[in-house]
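Student: Residue-level listing of the chains:
2 protein chains.
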Amino acid sequence: MKACGLIVEYNPYHNGHHYHLQQAKKITGAECMIAVMSGNFLQRGEPALVDKFTRAKMAIEQGIDLVVELPYFYAVQHSELFANGAIKILHHLATDFLCFGSEHGEIADFNHLYHFIQQHHKAYDVSLNRALKEGNSYPKAHDIAFHSIAGNDINIDFTQPNNILGYQYIKNIYDLGTGITPLTIKRRNSDYHDTEIHGSIASATSIRHLLMEHQEQQQLANVVPQSTKEGIEQYKERFQSWHEWQAYFPLLQYKVLTMKKEEWKQIQGVKEGIENRIVETAKRADSFLSWMNSLKTKRYTWTSLQRIFTHILTNTYTKEVDAELRKEKPDAIRILGMNTTGKTYLNSIKKNSEVKWYTSNKKPYPYQTMDDRIDHAYFSILPPSYQLQLKKQAYQSPILKFN
Amino acid sequence: MKACGLIVEYNPYHNGHHYHLQQAKKITGAECMIAVMSGNFLQRGEPALVDKFTRAKMAIEQGIDLVVELPYFYAVQHSELFANGAIKILHHLATDFLCFGSEHGEIADFNHLYHFIQQHHKAYDVSLNRALKEGNSYPKAHDIAFHSIAGNDINIDFTQPNNILGYQYIKNIYDLGTGITPLTIKRRNSDYHDTEIHGSIASATSIRHLLMEHQEQQQLANVVPQSTKEGIEQYKERFQSWHEWQAYFPLLQYKVLTMKKEEWKQIQGVKEGIENRIVETAKRADSFLSWMNSLKTKRYTWTSLQRIFTHILTNTYTKEVDAELRKEKPDAIRILGMNTTGKTYLNSIKKNSEVKWYTSNKKPYPYQTMDDRIDHAYFSILPPSYQLQLKKQAYQSPILKFN
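Protein chains in written order, with numbering that gives the first Met the number 0: chain R, 0 to 402; chain L, 0 to 402.
Keep in mind that a hint or two might mislead.
Note that the list lumps identical chains together, so a pair holds whenever it fits in one copy or between two copies.
[Said to hold, decoys possible] Here are the computed lysine-lysine pairs in the BS3-like style, where the Cα-Cα straight-line distance is at most 25 Å: (1) K295 <-> K259; (2) K350 <-> K260; (3) K362 <-> K260; (4) K362 <-> K282.
Since the hints were made in silico from the structure, they are not lab data.
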């Protein structure tokens, strides 16, 4: 039974994701489609619109066979660590293929680039470090380093976020010696940050805009499958709100203004005195947006600041993240959802697997204390009775669909 | 210029307080009336209905000449430490008298009791420690110890909270060698916890009930001075809410469910594994009241639990409280309000004073970082613009009335 991995956030699952899933099935011929999905907080340092189990359910309903969680310590990270975690998990699930979406769309160019950088990695590292020291953000520094060694030989545009991620996937597939075959599909919506909607494919960003601004339902129906539409609308109906930064603003401001110096030192991602700026701006901030705008600098991009805010909100310490990242293989794999194909696949690889997987919190898994804390933070904006209902999901059976 | 000290919380200032103030003036003949007042959090581990500057203003308008803050590390404590802090401050303000309200009302009996316990302090301590070990709460253990050594010779009822406090005031006045003359006035409303209102004197508890339950304004006007009525009504009008535990429930629940083991160890008042009970009950709590009810035990009284919650909310560590309590005299005295009499009095004692006082946060005082954090926590339930307005008070001049 061949398996193909997808690395996803599904925030929410939309027609573009569905196109990608169909194409990946077609070109790989895989029988089991595995999605490694960020949990309740995402790579760009944001709460997911709806929780991870609800998102897993929507994915299963659209044809994903197995959804596993990309743990927080891998997920809320820059592209290198995000990719490293996702590939490790796919590797330990014995995945045959990885099929990623990219703006570029040509796998040969990614492979070529990987080997080229391998040959020039010293020059690359020097250039990367110099760019970082000059105060460039992480993605910008990579872009500078790529071009400094390859000049115009590189025809992949590294200002595009999915191209960068793609390169990191390839790098980890080879560096970790996984044997996974990488493939890429050209993304049909060209601009990740596009907020306008045209046709049936729209970016997740534009779909979230649509939702937050209460625009007409028909537009939503054009760009997401019916099950996504129902899933996210039901969530709002049942639990009164979706999850977006502004809802966490009072908690975050309270936390920031009551933290001690010694606590700041421990928080993941806090360095170079950024905590002083965060505290000073917190005193005058009247919304999450105004706070972010008063904080942003050349070095601290929107994304890197959002990640720091996520770690503050979830009370995540550098030492606990580092302890997990140092491990050669993940301590555990948390299954969020599967259908009977997914279950059959898991059984087929069980004998040879070096990593245990967990389908419920009834049997605690190694980093569950951290996950519990993160989930408490995620649900903290909801009334207590809704929190209870939603937290119960983690103790239920993950089989969501019989196919 | 003779000064008389009162130890108060004024939550809010009512006719009973006013009667006490008038009587104290009359029996001492003092020209300057000094109130040592708890700040934004009170001895019983509660947020004050309205903030400390607003409460100081209401007191000045009714005839108090000088309001100084009883710092948090003294105020949110059991009666021994509360009294110790208050007497230290009055001593360093060169106060001649202390006039306290008590259910008992006879100063000679308090003085007699102090000397009796002095003579039998070893037996008293043995009995106190035994009662504590047996799982009794702090006040109950004191009551047992009093009666074990004095039998029926003691005619002061120590189940009455103001009698216990009174004894602690006397003890500190003598133990610290202050030279303050203690006096007591019999409280006119007999029951501290009374929630029914009769006549013009009502307990602060019953007045808060009246306010929270939106009862008719006339009843309020019967039991508080006009300036209190206006002050607390204006606060609600301007800032949308008063401060009560239920408003802090979401913040507190979020904090409790995201704290780490290593942080719990540091929080003032947390011991004997109570943190595990707090975390477990937090998961199912749907209001502050239901949470408290599920937590209460024989050893952990309502008050002691509320104090722990206050320290959690304000992120107060044992080590910072201990560092302040170890000091022989307070590091600084924070003036919250005064009239011209208060100012004249302060000038008259300045030359001989061993403790510096501060009338504004413009010039930082030694434990201001702690106070700022506590005030941020106190105001955290309000919208950002209101927080800003209220926090500005600390940077303004404290002279509130020219008399």
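Student: Does each hint hold? Answer for all of them.
Tutor: Results of checking the hints against the structure:
{"no.": "1", "hint": "K295 <-> K259", "in the structure": "within (23 Å within a copy, 29 Å between copies)"}
{"no.": "2", "hint": "K350 <-> K260", "in the structure": "neither (49 Å within a copy, 37 Å between copies)"}
{"no.": "3", "hint": "K362 <-> K260", "in the structure": "between (37 Å within a copy, 21 Å between copies)"}
{"no.": "4", "hint": "K362 <-> K282", "in the structure": "between (43 Å within a copy, 19 Å between copies)"}
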